[in-house]
Amino acid sequence: MNDKRITLQQAAEIIKDGASLTFSGFTIWRRPMAIVCELIRQQRRNLHLIEVQGGPHTEFLVGAGCVDIWESCWVGHELYGKYGANLSRKVGAKEIIVEDYSHAEMMFRFAAGASGAPYAATQTSLGTDIHNPAYDMLGLAGKRDGQRIAKHKYVFSDDPFYGAGAQVLVPAAKVDIAVMCVQQVGEEGTVRVNGQYYSDPEAARTADLTIVMAEEIVPEEYLRRNADQNTIASFEVDHIVECPFGAHPTGMFGRYDVDGAFLKDFYARTRSQEGFDAFAKEWIHGLDNLSYLEKLGWGRMLNLKANTALNYSTSVKRGQ
Amino acid sequence: MNDKRITLQQAAEIIKDGASLTFSGFTIWRRPMAIVCELIRQQRRNLHLIEVQGGPHTEFLVGAGCVDIWESCWVGHELYGKYGANLSRKVGAKEIIVEDYSHAEMMFRFAAGASGAPYAATQTSLGTDIHNPAYDMLGLAGKRDGQRIAKHKYVFSDDPFYGAGAQVLVPAAKVDIAVMCVQQVGEEGTVRVNGQYYSDPEAARTADLTIVMAEEIVPEEYLRRNADQNTIASFEVDHIVECPFGAHPTGMFGRYDVDGAFLKDFYARTRSQEGFDAFAKEWIHGLDNLSYLEKLGWGRMLNLKANTALNYSTSVKRGQ
Amino acid sequence: MSKNYASAEEYGLADLLCCAAAREVADNEIVFAGTGLPMVAIMLAQKTHAPNLKLIFEAGTLDGRPPEIPTSVGDARCEMGASRASGLYDAFSIAQRGYVDLGFLGGAEVDQYGNVNTTCIGDYLNPDLRLTGSGGNPDINSFAQRTVFIMVHEPRRFVENVSYITSPGWRVKKWPGGELVPRQELYGAAFRGGPSAVISTAGVFRFDAGSGRMYLDTCHPGKSPAEIKGLCQFDLDISRVSGETLPPTREELHLIHEVLDPEQIFIPRVK
Amino acid sequence: MSKNYASAEEYGLADLLCCAAAREVADNEIVFAGTGLPMVAIMLAQKTHAPNLKLIFEAGTLDGRPPEIPTSVGDARCEMGASRASGLYDAFSIAQRGYVDLGFLGGAEVDQYGNVNTTCIGDYLNPDLRLTGSGGNPDINSFAQRTVFIMVHEPRRFVENVSYITSPGWRVKKWPGGELVPRQELYGAAFRGGPSAVISTAGVFRFDAGSGRMYLDTCHPGKSPAEIKGLCQFDLDISRVSGETLPPTREELHLIHEVLDPEQIFIPRVK
Chain S
1 MNDKRITLQQ AAEIIKDGAS LTFSGFTIWR RPMAIVCELI RQQRRNLHLI
51 EVQGGPHTEF LVGAGCVDIW ESCWVGHELY GKYGANLSRK VGAKEIIVED
101 YSHAEMMFRF AAGASGAPYA ATQTSLGTDI HNPAYDMLGL AGKRDGQRIA
151 KHKYVFSDDP FYGAGAQVLV PAAKVDIAVM CVQQVGEEGT VRVNGQYYSD
201 PEAARTADLT IVMAEEIVPE EYLRRNADQN TIASFEVDHI VECPFGAHPT
251 GMFGRYDVDG AFLKDFYART RSQEGFDAFA KEWIHGLDNL SYLEKLGWGR
301 MLNLKANTAL NYSTSVKRGQ
Chain P
1 MNDKRITLQQ AAEIIKDGAS LTFSGFTIWR RPMAIVCELI RQQRRNLHLI
51 EVQGGPHTEF LVGAGCVDIW ESCWVGHELY GKYGANLSRK VGAKEIIVED
101 YSHAEMMFRF AAGASGAPYA ATQTSLGTDI HNPAYDMLGL AGKRDGQRIA
151 KHKYVFSDDP FYGAGAQVLV PAAKVDIAVM CVQQVGEEGT VRVNGQYYSD
201 PEAARTADLT IVMAEEIVPE EYLRRNADQN TIASFEVDHI VECPFGAHPT
251 GMFGRYDVDG AFLKDFYART RSQEGFDAFA KEWIHGLDNL SYLEKLGWGR
301 MLNLKANTAL NYSTSVKRGQ
Chain C
1 MSKNYASAEE YGLADLLCCA AAREVADNEI VFAGTGLPMV AIMLAQKTHA
51 PNLKLIFEAG TLDGRPPEIP TSVGDARCEM GASRASGLYD AFSIAQRGYV
101 DLGFLGGAEV DQYGNVNTTC IGDYLNPDLR LTGSGGNPDI NSFAQRTVFI
151 MVHEPRRFVE NVSYITSPGW RVKKWPGGEL VPRQELYGAA FRGGPSAVIS
201 TAGVFRFDAG SGRMYLDTCH PGKSPAEIKG LCQFDLDISR VSGETLPPTR
251 EELHLIHEVL DPEQIFIPRV K
Chain R
1 MSKNYASAEE YGLADLLCCA AAREVADNEI VFAGTGLPMV AIMLAQKTHA
51 PNLKLIFEAG TLDGRPPEIP TSVGDARCEM GASRASGLYD AFSIAQRGYV
101 DLGFLGGAEV DQYGNVNTTC IGDYLNPDLR LTGSGGNPDI NSFAQRTVFI
151 MVHEPRRFVE NVSYITSPGW RVKKWPGGEL VPRQELYGAA FRGGPSAVIS
201 TAGVFRFDAG SGRMYLDTCH PGKSPAEIKG LCQFDLDISR VSGETLPPTR
251 EELHLIHEVL DPEQIFIPRV K
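Protein chains in written order, with this note's numbering: chain S, 1 to 320; chain P, 1 to 320; chain C, 1 to 271; chain R, 1 to 271.
What the hints contain is simulated information worked out from the structure, not anything from laboratory work.
Worth double-checking, as some hints may not be accurate.
[To be verified] 25 Å max Cα-Cα, derived DSS-like pairs, lysine-lysine:
no.	chain 1	residue 1	chain 2	residue 2
1	P	Lys174	P	Lys4
2	S	Lys143	S	Lys16
3	P	Lys151	R	Lys173
4	S	Lys4	R	Lys47
5	C	Lys173	S	Lys151
6	S	Lys317	C	Lys271
7	P	Lys317	R	Lys271
8	P	Lys295	P	Lys317
9	P	Lys151	R	Lys174
Please work from the sequences and hints to get the whole structure.
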């Protein structure tokens with residue numbers, strides 16, 4: 001049995017400057033925040049994020065200057081922050097390359113990558129500026145080498161089989177490392193996600209290397225009693241990390257809710273670089289996962305804790 | 001709440017002469033045999049089977065003369081019968097059109113159909129006679145109308161994105177009706193498959209209409225308590241039928257094993273049309289599901305019954 | 001039975017929008033909803049005239065019946081009572097396969113053809129403000145039979161040309177040239193429909209089947225057609241106004257505030 | 001430690017094939033196995049020199065460790081102890097993505113380049129006998145790093161030209177013309193490997209890297225190279241024979257008959 005356990009710090013060390021990354025989760029749910037914070041502490045640079053959609057983790061990494069290229073379709077904090085203020089600032093200052101696809105295009109790019117196909121045919125977003133040839137940002141930057149970044153942003157092609165009309169062919173995603181955050185992982189790497197699995201299976205399979213951070217590492221044998229409830233197979237996972245509350249301030253089905261107040265504060269404070277730096281000084285640098293939790297405090301975390309019958313918190317204040 | 005319940009007889013009546021059909025299951029597991037037998041009793045004709053792979057249900061329908069076209073990659077009874085003797089006989093006599101794809105090609109054709117894409121790009125089976133243009137049987141028969149049957153069996157195309165080389169584009173499957181056999185279906189159509197789900201989700205979604213036969217119809221609310229364990233969504237299912245042991249002589253995970261002796265007997269007896277007709281007279285015609293079970297007898301069925309801790313039978317004799 | 005409509009002081013603009021949106025849904029439809037007011041609107045329809053509608057959330061919830069309003073389609077609340085919880089590949093596959101009747105969407109800018117922008121304000125290559133990006137907006141708008149947009153009405157949002165077409169309307173850009181062509185022409189056999197209504201904070205707008213141009217259908221109570229025309233930078237057709245937007249009923253207000261959003265997450269109470 | 005090899009009367013041909021097949025597997029490999037003898041062989045390797053191999057069954061079992069030998073990859077026994085039970089799309093996606101090191105396959109006919117037929121005997125358009133069809137044979141053979149075929153050795157099966165190339169060998173047909181070209185040329189960047197061995201009831205055969213032609217590597221005990229050459233319709237290269245196929249060890253025989261297949265589903269006992 002290969003031992004796949006590593007520490008948070010080791011997980012971040014595996015991710016080198018210049019790597020392309022993708023993540024588990026959806027917008028403000030199940031993002032690998034503890035590893036993201038560790039990457040910022042380790043001052044990782046020149047990352048290329050390729051994700052079905054972004055969220056707070058994107059904003060953390062972008063704000064900290066870790067990211068050169070962001071290929072996706074959306075970033076924000078849902079109702080806790082209308083858009084990605086850090087990304088917005090860096091796009092305005094041309095400190096980052098943004099390549100825009102639609103949400104379904106990104107999902108189909110990952111589905112193609114995960115199944116080993118070089119591209120997918122879809123009929124979404126025809127007639128929009130997503131397909132404006134002048135807006136091929138990776139092309140304009142001369143980065144389309146046909147190796148990890150496709151020669152074309154997309155290609156139009158007609159359906160030869162049923163006359164279904166114009167197809168947009170979108171290139172498979174090619175990703176170095178998937179960084180995941182889930183409820184349970186077995187000692188040998190088997191992942192069980194509870195609730196919606198979002199685009200996690202495709203993210204793990206598309207990436208060349210997969211790191212899974214979990215609330216708990218559980219006996220592999222426990223998960224294998226019900227193989228039809230597992231989400232990702234053992235051999236698709238290279239490294240595992242146990243890190244309770246590792247998704248905070250994002251939420252995790254069955255475990256804890258989104259910390260909306262934390263995200264609101266982050267969004268409000270990090271519109272300027274100075275604001276981000278102050279936030280990072282307070283909540284990222286000089287901390288590790290335990291001291292971060294201590295700083296958050298028991299009251300805050302118990303308030304977010306999910307009711308196990310319902311899988312969400314009944315005590316968290318969500319409204320006005 | 002729309003009432004989706006119908007009877008076995010009604011299920012077969014919905015399937016008209018000339019319809020294209022696909023099925024749940026894998027080779028000799030979870031095939032909708034009770035509906036198949038009812039189709040034979042109702043003397044359905046000119047069916048077009050499009051399936052990821054065939055099995056006893058194919059042989060039943062083909063032997064009974066219900067099938068004009070079979071598009072797939074494999075038929076047999078695993079170790080209980082080396083190949084599909086009925087299909088073999090009818091292919092030799094040119095009474096049926098067989099269009100051969102590879103297993104992965106068929107699976108990707110269904111995945112494309114299920115996701116609304118007109119085709120899938122794959123790199124399997126290059127250099128084989130599966131791609132021999134002289135062996136395009138539906139083309140030779142003049143049936144490639146570009147409506148339900150694609151204009152081409154396949155198209156070669158180069159990958160424009162990563163230089164991945166020659167791609168085989170295979171057309172999405174287009175299917176009128178999926179006929180499924182599963183462990184549980186809810187009153188509103190939600191399906192929970194236990195064990196391997198094979199190509200069931202894609203079969204149901206690709207078809208325009210889906211009929212689900214289940215061991216049990218269970219309260220919808222029961223299945224909705226754990227939505228992440230369900231396999232097919234309510235609105236993908238049009239009709240439901242309760243029919244215990246409806247997969248016999250094929251097996252069902254957690255419920256009963258394959259009836260190998262029955263399949264061996266079928267295989268041995270149905271190499272000739274006379275043999276098939278005698279088999280059908282004995283086991284199909286003049287029976288309904290209850291009298292079929294009575295005829296099988298308690299001893300036989302208890303022997304096949306799965307041990308609920310293991311999900312398979314510990315009493316069935318499998319070897320020499 | 002005559003409906004028990006609320007009087008002007010009993011409801012707010014968010015209530016009005018929510019009810020107008022709910023009325024766009026027919027029973028038995030499959031509806032794709034994003035986070036926020038659309039979610040409340042659809043759940044309202046589910047509890048009134050469309051008990052058999054099926055709700056799909058983009059993150060992977062099929063036929064959802066959340067017991068509490070989710071704050072995101074990724075929310076843990078989405079799964080409770082759903083037929084199936086899975087992922088985005090499932091949701092978008094179902095949409096592309098043609099299951100979806102109606103999608104509810106939003107936008108920062110809209111033009112007279114219903115082209116919507118959620119990507120950036122100003123030149124894309126030198127943006128004044130980068131927004132969230134497309135999300136599933138163009139996808140749902142490409143795959144559904146019809147879509148309804150809910151928007152804040154300000155002149156800077158109802159514009160002659162949006163900064164970036166994120167989501168396709170009735171006249172869309174044909175690449176590589178970028179000339180505007182009818183949506184039907186570009187989508188070909190994949191054409192299923194497009195924007196059927198825009199519900200703004202001023203009125204309800206629909207689109208002419210021939211020209212693809214937006215016209216004013218109903219004015220919200222207290223707004224005149226001329227006033228609304230003045231809130232658009234393009235030349236709004238106000239020749240076909242059918243009347244005033246119906247106010248919420250008291251039953252609807254009760255459902256919104258006591259049952260669906262008692263925490264006032266998306267819909268504030270006016271009193 | 002010298003191995004405890006069994007003597008000729010202690011084992012049968014199926015035992016020999018099973019052990020020869022098991023020895024093709026290295027530890028930590030991901031192996032794709034079909035029903036029958038290959039399944040026993042892989043489980044044997046798992047219990048001897050390759051405890052960390054990962055087993056994939058086409059029907060949708062990932063990293064399987066069945067407690068009893070399944071009689072089909074669709075069998076309920078596949079799921080017990082597996083990492084994940086899902087479906088064929090998953091299994092073939094993983095294979096096409098490049099995870100699979102080794103696949104075990106069978107065939108009715110094979111030619112000197114390792115092209116295998118499982119589809120029909122005689123002219124495809126007027127077949128003497130229709131067989132099962134391809135199944136996953138060409139897929140696993142296209143996607144895996146290497147494949148091993150297990151076959152009954154008869155002259156009618158080791159032929160100059162197979163009736164139908166179901167599964168691609170080292171010289172394959174380039175369409176539309178059908179001329180034979182090196183596999184590497186046709187697969188291009190998707191080339192990962194191909195047939196690495198054929199284990200027949202007569203011997204073990206491998207392929208020359210340059211010419212792509214089959215040669216005899218080892219003869220099963222009691223068979224001579226000349227005798228085996230006589231069992232092939234093509235001109236078998238017997239110039240590189242490395243010796244005799246190693247017999248099963250007593251430990252392997254114990255595992256096969258007492259642990260893996262006590263019911264004699266696939267491997268009969270000789271005594």
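(message) Next pair to validate is lysine 173 (chain C) with lysine 151 (chain S); report whether the Cα-Cα distance is within 25 Å.
(response) Cα-Cα ~23 Å, so holds.
(message) For lysine 151 (chain P) and lysine 174 (chain R), compute the direct alpha-carbon distance and say whether it is at most 25 Å.
(response) Holds, at about 22 Å.
(message) Please verify whether lysine 295 (chain P) and lysine 317 (chain P) have alpha carbons no more than 25 Å apart.
(response) holds, 20 Å
(message) Checking one constraint from the list: CA of lysine 4 (chain S) to CA of lysine 47 (chain R), max 25 Å. Satisfied?
(response) Judged against 25 Å, a Cα distance of about 22 Å means the pair holds.
(message) For lysine 317 (chain S) and lysine 271 (chain C), compute the direct alpha-carbon distance and say whether it is at most 25 Å.
(response) The hint holds at about 20 Å.
(request) Measure nothing beyond the straight line between the CA atoms of lysine 151 (chain P) and lysine 173 (chain R); if it is 25 Å or shorter, mark the hint as holding. (result) Since the Cα atoms of lysine 151 (chain P) and lysine 173 (chain R) sit roughly 23 Å apart, the hinted pair holds (cutoff 25 Å).
(message) Would the hint linking lysine 143 (chain S) and lysine 16 (chain S) be met if the CA-CA limit is 25 Å?
(response) The hint holds at about 19 Å.
(request) With a cut-off of 25 Å on the C-alpha distance, tell me whether lysine 174 (chain P) and lysine 4 (chain P) pass. (result) holds, 23 Å
(request) With a cut-off of 25 Å on the C-alpha distance, tell me whether lysine 317 (chain P) and lysine 271 (chain R) pass. (result) holds, 20 Å
In summary, the structure agrees with every hint in the numbered list given earlier.
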